[in-house]
Structure formats: C-alpha cells, structure tokens
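Trainee: Sequence:
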Amino acid sequence: MRAIRASRGRAIGVGLIVVLAVVGFSLATLPGSALAAGAASPSAPAASTTPAAAGVASGPLTPLTGSGTDLSTTGPTTFGTVSVTPDPIAYNPNAPDSVTVTLTPTGNLANLVAAQGDVASPSYRTYLSAGALGAEYGNPSYADVVSYFSSYGLAVTPSATALTLTVSGTVGEISSAFHTTLSAYAQQYTSQGVWNPMFGNDSATVGSTNAGPVIYANTAPAELPSGIATAINGVAGLDGMVATPEIALPYGLDPAMNTPQANTSAACDFGISGSCSNELDLYQSDSSHDFIWTDFGPEGATCSEENICGDFQFLFPSTMPAVTGATSLWNGHAAIDSEQDKGQGITIALIEVGCAIPSDLSAWSNMTWPHTPNQLDNRLTQIALDIPGYEAFPNNNLGNCEDQGFDAGWTLETSLDIEYASAMAPSAHIDVIGIPYPGNFSAFDLAYADIAQYLSLGSTGGTCPSAATLAAAGLYVVQGTAGTGTCSVTITSNSYGSGEQYTYFYGSPVYLTAATEELELLNAVGVTNFFASGDAGGVYETVNDFQPADSPGATSVGGAEITAQGAGSEFPVTNTSFTYCDGYLYGTTCYDGVNATAYVASASGIGQTGYWSYGYGLTGTEVGATGGGFGQSFVYAQPW
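The sequence shown runs contiguously to residue 640 in our numbering.
Heads up, a few of these hints could be off.
[Said to hold, decoys possible] Estimated spans, in silico, between C-beta atoms of each pair: (1) D118 with T597: 30 to 40 Å; (2) P140 with A114: 51 to 61 Å; (3) Q188 with E339: 48 to 58 Å; (4) V119 with N331: 25 to 35 Å; (5) S569 with S362: 27 to 37 Å; (6) G207 with G75: 37 to 47 Å; (7) S123 with A468: 28 to 38 Å; (8) A120 with T209: 55 to 65 Å; (9) T597 with N331: 26 to 36 Å; (10) G399 with P140: 42 to 52 Å; (11) N378 with A155: 30 to 40 Å; (12) V206 with N378: 36 to 46 Å; (13) A567 with T65: 26 to 36 Å; (14) A120 with N575: 27 to 37 Å.
None of these hints come from the bench; they were simulated from the model. Note that CB positions come from ideal geometry on N, CA and C, so glycine has one too.
Please work from the sequences and hints to get the whole structure.
Mentor: Encoded structure:
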C-alpha cells in the first residue's frame, strides 16, 4: 500500500509515495539489490582448504549450492538507478559482518504449516513453541554447525528451533569460515528526481549522483566441510544485498523545502516543528478520515513520470480505514458475530532499521486521537536488536537505536509504518523491532528467529519474557515495558525486498531458501508475515515479482494504486480549502511556483484502483495507472 497520485483523464507515470510524516504512506522499500560483483580485493584473505579444527567438522570442502553469483567481476554493475563498483581501497578485513544460516528440517516443515492453516486438519491453528519445533524438526547436525563456526572465533547466536543461527565477526573471519572471499563495493545513486533518504537530500535533484555506504559481497561460492555442508540449506549475508526505503516525493517537494501551509507568513521547515500553522496537521483524525487533493501542476514543467501533472491526492494515516472499509470492522458491521474489531488482542511486530522518535509519534498520535492523550504511546514497545560485532546500540538505549535509523535513512519509513498500522488497528499493540543495519538482509533474518523464540509462545502457553531475559538474547526494550504486548506476536509487517531476478540470478539463490525457512518457522509458531509486494509490477520494467513477498511463508500485500473518494467524487470542490506554495516558499514569497489551492474532503471509499497486469506504464489492462506487486516468479508457484 502506498500514497496515491491520480489525474483526471490520462494518468501519467506510476504513483509516488508522499513522505511528509503527517500525510505520507509507505509500505514498500527500494528493491534491495543483490550486489555481489567485482574483482577480489587484494587484501582479502585467501580461502582456507582445511576445516578449522579436527573433529568439529569432517570431509572435503564442498561448495554450497546456490551460493555463487552471476554478476560481472569487473566494472560497475547497474540496478536501475543504483550502481555498484569494486572498491579495493575501501576493503577492511576488520569491518563487522553477520551471516544467518538455516539448516534442513527433519521432517516436512512446509506440510506442518499447511496443516495448521487447513480447517479440516487436526493440526488447524495448533501452533508450536520454538523449543517444540526444535525437538520435532531440528537438524541433528545443528550442534556441529554451531561448533564449526565458533571454532573460527565467530560469535554464534543459536535458536531453540535448531534450524537457524546467526554468526557474527569480521569480514576476514567470515571469509575464512566460509572459505570464500568478501570484497568491498562502492554504491552510487543517480537520481531521476526521486529522493532516496539513504543517499542524502541531494538525491532529490534530477541528475545528481550520490554515494551510499560501502558494502561487502562474496566473489566466489561459499564452501564448507562436507560433514556440515549437507545440513545447510540457506545463507543470508554473503551476497551484499542492501535494503533501502523507497520513499518518493511529488515533483516540487523535497526534504529541504517548506511544507504546505495556510495563509501564514511563518515558514515551517520540512519535518521540523516551528512557530507556524501547518494546515495539514489539522485534517488527520480518527473521526474525520479526511484526504486532501490539489491540482499539482508545476509552472513551466514538462509533464513526465518525474514531473507529475494533474490532480493529486494526499492520504493521511487516518484516511485509510475509511477507504479500505476497516471502519465497518470497528463498528461491528462486518466482523464475525458482529463484534467490534479494532485489533484488540493482536500484536503487530514492525521490523525496521533503528527506532522511531517517540516525541514525533506522540505529536502525531495527539493529532489523530485528540481526545485520547498518549493513545499510541500506551500500546507501543520499541526493541533494539543487538548483533555481536556491530556498535549498533552501545549502552542499549533508545537514542542509539534512533541513530541507526538516521544512518540508514530509514527513520521516516519507520514512523510511517507505525502511523499507518496504528491508525488501521487502533487497539492493536505494536512492537518495533529495530535492527542495527539494512545490509546483507541477515539482520532481518535474525529478527525473525528471535521473534519466533522469544516473542511468540505458540499455543503451548508459558509466560512473556522479562526485560532481563530479552536482554540476554540481545533484545533490549528501549521504550515501553517488556511483557506487555511483546508476546505473543501475531503479525509481522515488513517493508523491504528485492526483485527476484536480483536475489536469484545476480545474487545468491541460497538466500531465498534461508528467507523461506525463517518465515515458515514464524508460521509454525502462529505468526502471519505481511510483505510489501513492490511498487512497479516487477523491478525496473522487468516482469518478475518481489522477494521475499513471494515466499510461501509470507503474505504479499499492496500492489494496488488507489485514490480516495468523497461525496461521490475523487476530486470534490469543498468548502474547506487552503492555499499553499507549490514551489519554494521563503517568508511570504513563492518561488518557482504559484500559490495553489488544496481542498479537504472526508473519505468515503475507494475512488479508483489500478493493478499491474503483465504490462508496464499505461499498457496494463486494468483501470488506472500501473500499480505494484505480483509479477511472475521463476522459483515459486502462484499464488503467493
């Protein structure tokens, strides 16, 4: 799901995501490119040819199936607007690194998950604890795998499922343990006018090039002693994949400019409170369900996919319940037995990079629920996930967790995800699981394993973990109270991913099996995993789906481009309106634009819906411009 742009008549380009914290909506992130190209760094350690210690693992070194790469080993490799280039100078063997490994279950885990969802099965909704899963499905070689990686000096984070573990150390140690070579790569983003917070505010400027963090990726297949290689079915973290938020702004808006405001001489900087009246703040409420529309046509601009012209809608978090029909559930008009359903008894785990800023969320909450102080604060827990070797959360406090979000350009994404989830389910508890970095995807997989073990109780009962128990596992409660809403997690919401072609062909296919098993383990303990389906019906005009949204353990959501409707019209001219500058406002002067009118209407439902349908741009067969999601998988059978 995403913020929507629509125009009368011919729609131009794909919908953009608005990132103003009070008006935006983002559930999908930039496809995390599977980046594993380039020549080996000269200083990279040579691959070992013998096991680390006799008796820990035996047998000749065996390549892990699917751990290689089809990427070019010379020159830059381009993924849409992002390119990666070998950067031997940046190579640091002491840089921290982390890899998540999954093992083949004993028995058919997929069949268990299917039976738990089959109303005719005696196993229907009979979920297991992590320990029970380990006892029944754990791999018998699990202890040997743990010992093997420990023998290389790596910190091992085990799981009670005996099917997954995360190993952390340095780039050099990881290279040695997997008998491969990890090399350094530089990232560069060439802007088409879409702001990408990971690459700084300058990325909003068309034609600008901006550097991202250095990443590490393997340049040869991973190898392990045959005694344990046969037990391993997935590895996340060797291929250099990076997840970044795909947050876009309509043409004429960028992070450095002022927010739209109503006939006031005071200027409000984007995202910063000031001594001014920001009209957009006044129209989000759980009772009004308002949206705003305006004729967004920049003066002198040529209409294109980057320069959007036509009528444009801004949807608030509080808009979506009315548009999607969730208010009927709230009122007991569509729920089972006609009971009200506002998400009570449900805990949603939002897996993000870093933590959100509580004061921002409190301010937003008090605007949305003006008669219920601290409405969101009272049902929010933020948990910092620590990984050995990363100085992610020194002293394990909220401020350090917030810093991780800023460093990754993820803070707005986290805030938006919290705001929309809490508005759609105003009684649900929300756990934010803040991972320390978005690279290699392995931190996401560790979050899944920890949720399954510590934050979900299955149907076996038990007690919720204390703050001390969580801290011992590297889960630090930095806001809220441990044991109140932290378990049992019933839903995870995930807004990252990559086009399947990149994770499979250009990256390491072995990552797909790791993600699939982690998500199935969550299914087995009673957790539903929602994933954004992507924004473009594939990636960069390629007909392939979004991964891991297509995983059997995930439920793919979104994929539609919608507009709100009010009073029978998508663009009603109402008595409530305000003027704003659609260019750059300095004091009372509007530069590079005109003072435009925006109308405020109460949403009553969906005005228009467009889906991607095996076509790109305006060549699809559904009404409206191209939406996102779906595509064609060459790994999994539809549907997903």
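Trainee: For every hint, state whether the structure bears it out.
Mentor: Hint check:
1. At about 55 Å, the CB distance of D118 to T597 disagrees with the hint of 30 to 40 Å.
2. Remark: the range hint 51 to 61 Å for P140 to A114 is contradicted by a beta-carbon distance near 24 Å.
3. Between Q188 and E339 the beta carbons are some 54 Å apart, a value that agrees with the proposed interval 48 to 58 Å.
4. Checking the proposed 25 to 35 Å range against V119 and N331 shows it holds: the Cβ atoms sit about 27 Å from each other.
5. Between S569 and S362 the C-beta distance comes to about 35 Å, which sits within the given range of 27 to 37 Å.
6. Here the CB-CB span from G207 to G75 is close to 22 Å, at odds with the stated 37 to 47 Å.
7. Take S123 and A468: their Cβ atoms lie about 34 Å apart, and the range 28 to 38 Å holds.
8. Here the CB-CB span from A120 to T209 is close to 57 Å, well matched to the stated 55 to 65 Å.
9. One distance hint, 26 to 36 Å for the beta-carbon pair T597 and N331, holds here, with the actual separation near 34 Å.
10. Look at G399 against P140: about 44 Å separates their beta carbons, and that is inside 42 to 52 Å.
11. In this structure, N378 and A155 meet the distance hint of 30 to 40 Å, their C-beta atoms being roughly 36 Å apart.
12. In this structure the hint that V206 and N378 lie 36 to 46 Å apart at CB holds, the actual value being about 44 Å.
13. Hint check: A567 to T65, Cβ distance near 59 Å, so the stated range 26 to 36 Å is violated.
14. Checked against the given bound of 27 to 37 Å, the beta carbons of A120 and N575, roughly 56 Å apart, lie outside it.
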